[in-house]
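Participant: As they're listed, the protein sequences go chains H and R. Counting along the first sequence from 1, when you hit position 334 you're at 334 in UniProt numbering, and nothing is skipped either side. Counting along the second sequence from 1, when you hit position 177 you're at 177 in UniProt numbering, and nothing is skipped either side.
Calculated directly from the structure, the hints in this document are not laboratory data. Check before you lean on any hint, since a few could be wrong.
[What the hints assert, rightly or not] A short, non-exhaustive set of chain H residues, derived as facing chain R with CB atoms under 7 Å:
{"#": "1", "residue": "Gln5"}
{"#": "2", "residue": "Thr7"}
{"#": "3", "residue": "Gly37"}
{"#": "4", "residue": "Gly44"}
{"#": "5", "residue": "Ala50"}
{"#": "6", "residue": "Ala52"}
{"#": "7", "residue": "Asp54"}
{"#": "8", "residue": "Leu277"}
{"#": "9", "residue": "Met278"}
{"#": "10", "residue": "Asn356"}
{"#": "11", "residue": "Ala357"}
{"#": "12", "residue": "Arg359"}
In this text the structure is predicted, and so the values were computed from the model without any measurement. Note that CB positions come from ideal geometry on N, CA and C, so glycine has one too.
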Amino acid sequence: MTQLQVTEKLAILADAAKYDASCASSGTVKRSSSKSGGIGSTEGMGICHAYAPDGRCISLLKILLTNSCIFDCHYCINRKSSNVRRARFTPKEVVDLTLNFYKRNYIEGLFLSSGIIKSSNYTMEQIVEVARSLREDHDFRGYIHLKTIPDADPELLEAAGRHADRLSINVELPTREGLNRLAPEKSEERIESAMGGLKTSILDGRDAKKKYRSAPNFAPAGQSTQMIVGADAATDSDIVRRANGLYDRFGLRRVYYSAFSPIPDASAVLPLQRPPLMREHRLYQSDWLMRFYGFAPQEVVDAAQADGMLPLDIDPKLAWALKHRGQFPVDVNRAPKEMLWRVPGLGIKAVRAILNARRWRRLRLEDVGRLTVSIAKIRPFLIADGWTPGALTDLEHLRASVAPKTEQLELFA
Amino acid sequence: MITARIAAEDDFDGWRNQCRGLMRLGARPADVVWQVGEQRTDLFASAEASLEAAPIGVPKGFAELARSVICHSDPERFGLLYQLLIDLKARQRHMGDEADPLLRKLEMMAKNVRRDIHKMRAFLRFRRVEEEGGETGGEEHFVAWFEPEHHIVRTNAAFFVRRFAGMKWSILTPSLTIHWDRQTLLEASAKLKTDAPTEDSVEDQWKTYYSSIFNPARLKVNAMLKEMPKKYWHNMPETALVTELIQSARNREVAMIEKDIVPMVADTLATLRAEADRCRRCPLYGPATQLVFGEGPADARLMFVGEQPGDQEDRAGRPFVGPAGQIFDAALAQAGVDRTQSYVTNAVKHFKFRPEGKKRIHERPNVSEINHCRWWLKREIELVKPELIVALGATAALSLTGRSLPITASRGQVFESLEGVPVLVTIHPSYLLRLPDAKAAERERLQFVADLESAQRRLYR
Numbered sequence: 001m002t003q004l005q006v007t008e009k010l011a012i013l014a015d016a017a018k019y020d021a022s023c024a025s026s027g028t029v030k031r032s033s034s035k036s037g038g039i040g041s042t043e044g045m046g047i048c049h050a051y052a053p054d055g056r057c058i059s060l061l062k063i064l065l066t067n068s069c070i071f072d073c074h075y076c077i078n079r080k081s082s083n084v085r086r087a088r089f090t091p092k093e094v095v096d097l098t099l100n101f102y103k104r105n106y107i108e109g110l111f112l113s114s115g116i117i118k119s120s121n122y123t124m125e126q127i128v129e130v131a132r133s134l135r136e137d138h139d140f141r142g143y144i145h146l147k148t149i150p151d152a153d154p155e156l157l158e159a160a161g162r163h164a165d166r167l168s169i170n171v172e173l174p175t176r177e178g179l180n181r182l183a184p185e186k187s188e189e190r191i192e193s194a195m196g197g198l199k200t201s202i203l204d205g206r207d208a209k210k211k212y213r214s215a216p217n218f219a220p221a222g223q224s225t226q227m228i229v230g231a232d233a234a235t236d237s238d239i240v241r242r243a244n245g246l247y248d249r250f251g252l253r254r255v256y257y258s259a260f261s262p263i264p265d266a267s268a269v270l271p272l273q274r275p276p277l278m279r280e281h282r283l284y285q286s287d288w289l290m291r292f293y294g295f296a297p298q299e300v301v302d303a304a305q306a307d308g309m310l311p312l313d314i315d316p317k318l319a320w321a322l323k324h325r326g327q328f329p330v331d332v333n334r335a336p337k338e339m340l341w342r343v344p345g346l347g348i349k350a351v352r353a354i355l356n357a358r359r360w361r362r363l364r365l366e367d368v369g370r371l372t373v374s375i376a377k378i379r380p381f382l383i384a385d386g387w388t389p390g391a392l393t394d395l396e397h398l399r400a401s402v403a404p405k406t407e408q409l410e411l412f413a
Numbered sequence: 001m002i003t004a005r006i007a008a009e010d011d012f013d014g015w016r017n018q019c020r021g022l023m024r025l026g027a028r029p030a031d032v033v034w035q036v037g038e039q040r041t042d043l044f045a046s047a048e049a050s051l052e053a054a055p056i057g058v059p060k061g062f063a064e065l066a067r068s069v070i071c072h073s074d075p076e077r078f079g080l081l082y083q084l085l086i087d088l089k090a091r092q093r094h095m096g097d098e099a100d101p102l103l104r105k106l107e108m109m110a111k112n113v114r115r116d117i118h119k120m121r122a123f124l125r126f127r128r129v130e131e132e133g134g135e136t137g138g139e140e141h142f143v144a145w146f147e148p149e150h151h152i153v154r155t156n157a158a159f160f161v162r163r164f165a166g167m168k169w170s171i172l173t174p175s176l177t178i179h180w181d182r183q184t185l186l187e188a189s190a191k192l193k194t195d196a197p198t199e200d201s202v203e204d205q206w207k208t209y210y211s212s213i214f215n216p217a218r219l220k221v222n223a224m225l226k227e228m229p230k231k232y233w234h235n236m237p238e239t240a241l242v243t244e245l246i247q248s249a250r251n252r253e254v255a256m257i258e259k260d261i262v263p264m265v266a267d268t269l270a271t272l273r274a275e276a277d278r279c280r281r282c283p284l285y286g287p288a289t290q291l292v293f294g295e296g297p298a299d300a301r302l303m304f305v306g307e308q309p310g311d312q313e314d315r316a317g318r319p320f321v322g323p324a325g326q327i328f329d330a331a332l333a334q335a336g337v338d339r340t341q342s343y344v345t346n347a348v349k350h351f352k353f354r355p356e357g358k359k360r361i362h363e364r365p366n367v368s369e370i371n372h373c374r375w376w377l378k379r380e381i382e383l384v385k386p387e388l389i390v391a392l393g394a395t396a397a398l399s400l401t402g403r404s405l406p407i408t409a410s411r412g413q414v415f416e417s418l419e420g421v422p423v424l425v426t427i428h429p430s431y432l433l434r435l436p437d438a439k440a441a442e443r444e445r446l447q448f449v450a451d452l453e454s455a456q457r458r459l460y461r
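Given only the sequences and the hints, what does the whole structure look like? Please build it.
Facilitator: Right under this line is the structure:
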């Protein structure tokens with residue numbers, strides 16, 4: 001097995017993995033190699049070791065074990081009927097690549113996924129073997145994220161959870177109709193029952209850990225999922241509701257959105273078009289509103305337009321505020337945290353700073369200005385010492401005055 | 001003046017000790033000169049600050065902030081922190097008051113230091129060198145070169161120990177070197193970039209990975225630059241690929257998406273007019289009867305641009321045929337300009353009005369409407385290629401030059417259009433209709449004719 005062959009496989013199997021959006025390496029337990037003399041550490045917050053020109057961070061070695069697949073999902077470049085070149089790593093090759101990259105500080109760890117070959121169980125065994133070898137043969141303490149195959153035996157999922165920091169099962173599409181049409185061999189019931197099983201194992205693992213310090217970890221960074229945006233007819237409102245249901249029912253850490261990219265050799269069922277990147281971005285923002293800013297899912301849905309889509313030119317928080325002008329302006333010296341969170345342009349950190357600072361002084365507009373990026377956009381929504389927006393909040397063209405100016409074409413010198 | 005010395009740029013303990021002494025002396029921040037190491041920076045300093053002093057209590061959060069700020073590269077940091085300490089003790093500032101300008105400034109410095117620490121953890125790259133001979137023989141040794149912005153190397157060493165405990169490694173920087181031999185951490189003097197290895201066989205695989213994981217259908221170059229500023233690039237092997245990846249991505253995406261969509265740019269006035277007829281860029285197309293496009297020979301040397309069609313133009317579908325058009329025609333004749341040899345158009349191509357009973361009252365187009373319509377005017381100018389354009393009134397002048405010119409002060413003068421064509425500014429003929437005083441109107445009319453004559457003269461000069 002020469003170096004060149006591994007590099008060639010890497011090109012094919014990294015290329016095949018790039019449509020998966022997740023790369024997070026955060027939220028796991030703290031580990032280090034200083035006592036064991038092994039290699040690797042995790043410190044809670046993951047590190048992005050590089051950025052590609054697509055704006056995505058590179059944190060993990062994200063590859064497929066193989067891109068051969070017995071399924072024929074239309075949106076997927078690796079589907080059975082696709083013409084792409086196929087390749088397959090041995091578990092040892094993946095282990096060596098991971099260690100070689102890790103030792104040079106290129107990555108935080110491994111995100112391993114795979115097409116399904118022979119059977120779900122066979123594929124899952126191979127994936128688990130990579131994680132086992134890294135942990136047991138090489139004392140690797142970096143981050144491991146394993147994509148889990150819904151139909152594999154529970155014992156295999158159990159083994160995956162013991163070695164991995166995070167497990168994920170993709171729901172693939174936001175609606176059942178979309179899944180039936182574009183991924184005919186997959187079923188929502190099976191996907192969801194596997195996610196339910198993982199949830200139980202993760203919670204059991206956490207309970208055991210509380211009682212016995214020596215109990216083994218089970219996926220301490222929890223589980224996540226991904227859905228593809230723009231490949232079916234689902235509106236943003238549909239997606240937000242579905243995501244919220246998934247968070248509630250399966251205790252997910254993250255729902256990832258992946259704008260459907262025109263893939264080379266795309267299936268004829270799907271049109272070629274520019275991936276809806278801004279839509280993906282707005283969905284992530286709405287995700288943030290629900291997870292950190294105290295917005296109920298229905299409120300995010302309220303921010304959408306009549307056609308169920310979030311506005312693309314302004315962020316969902318601003319869209320909500322413009323629709324609920326009666327709740328503004330908000331008094332920066334008196335309003336509760338929850339209301340300050342709703343002010344467009346005030347982030348979690350800025351609100352925390354405001355709450356701290358106002359214990360010591362009455363805040364003027366310029367004080368708020370020091371705590372935020374731009375005061376001009378926030379001004380119409382705030383009352384501060386010596387400042388009331390007057391009729392500003394009610395202006396017809398408020399949207400135009402606070403919406404971002406049309407972006408210049410991206411230049412790169 | 002008191003000189004306070006500390007041992008090194010990141011010597012927090014030394015700084016704290018000096019503060020204790022300074023506070024016992026009652027030294028004001030303005031009277032203290034801070035010095036690092038042996039170098040003298042202020043010749044006028046007279047007294048030396050004492051070293052020993054009793055510990056001082058500080059509010060919660062201060063020590064943590066100070067530990068970060070000490071690592072900043074700004075030489076003012078020692079004094080600023082001492083200032084904050086004094087003010088905190090005097091209860092003139094409070095740690096929680098994040099809107100306080102000094103506290104805010106120090107918080108931002110701490111944030112920059114934390115960011116630098118994080119970026120070093122992210123962007124440092126080891127290269128493997130093979131140890132020669134020795135008892136262990138052929139042992140792996142990983143060496144990195146890194147240039148931090150702030151004095152963070154010592155603070156950051158523990159991270160690399162936690163992560164790479166089982167490896168022998170060295171990190172070389174312009175200020176100091178740290179070695180880890182799997183047991184102990186050693187410090188050594190600064191090194192040069194040339195002391196670090198220049199290649200590693202795994203880098204080709206890493207570059208292969210970098211270019212394969214990149215999705216060429218998504219280009220977000222600014223997002224990349226925000227998180228990975230170019231100042232870090234020279235020590236990261238993969239960044240050598242970025243320019244090429246972006247270029248090929250643009251080509252690939254275009255090839256993939258626009259395979260059979262050839263962008264249509266109208267190349268004659270007739271097709272341009274047909275396109276403009278379908279224009280929905282602004283709402284003016286709605287109430288108007290029809291598009292009023294420019295007219296005249298495609299090779300006209302002189303172009304006239306008015307404001308927008310009026311009531312009669314809107315019905316006729318032709319520019320300058322109403323009352324103002326008649327004044328315009330008469331003035332042209334008097335000035336000896338042949339309208340049939342000129343191209344006549346408007347800045348805005350649809351009639352904007354408000355209904356008043358049966359009447360339709362002219363309303364000025366706003367900036368947004370003018371801007372939306374500018375595309376069509378631009379294409380007219382590019383196709384006709386006039387030698388001179390006459391801007392009739394403020395709207396035309398704004399649209400053509402991008403500047404709001406006061407007409408009475410600018411009339412008769414020549415400016416330049418955004419395309420670089422000379423623009424002679426004059427009044428709009430409808431202005432003459434609005435002047436109540438007949439004598440004044442006649443004076444203005446003659447001036448208008450003079451402007452037109454001057455335009456004509458410029459052409460035949």
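Participant: Output the numbers, in ascending order, of every earlier hint that fails for this structure.
Facilitator: 1, 4 and 9
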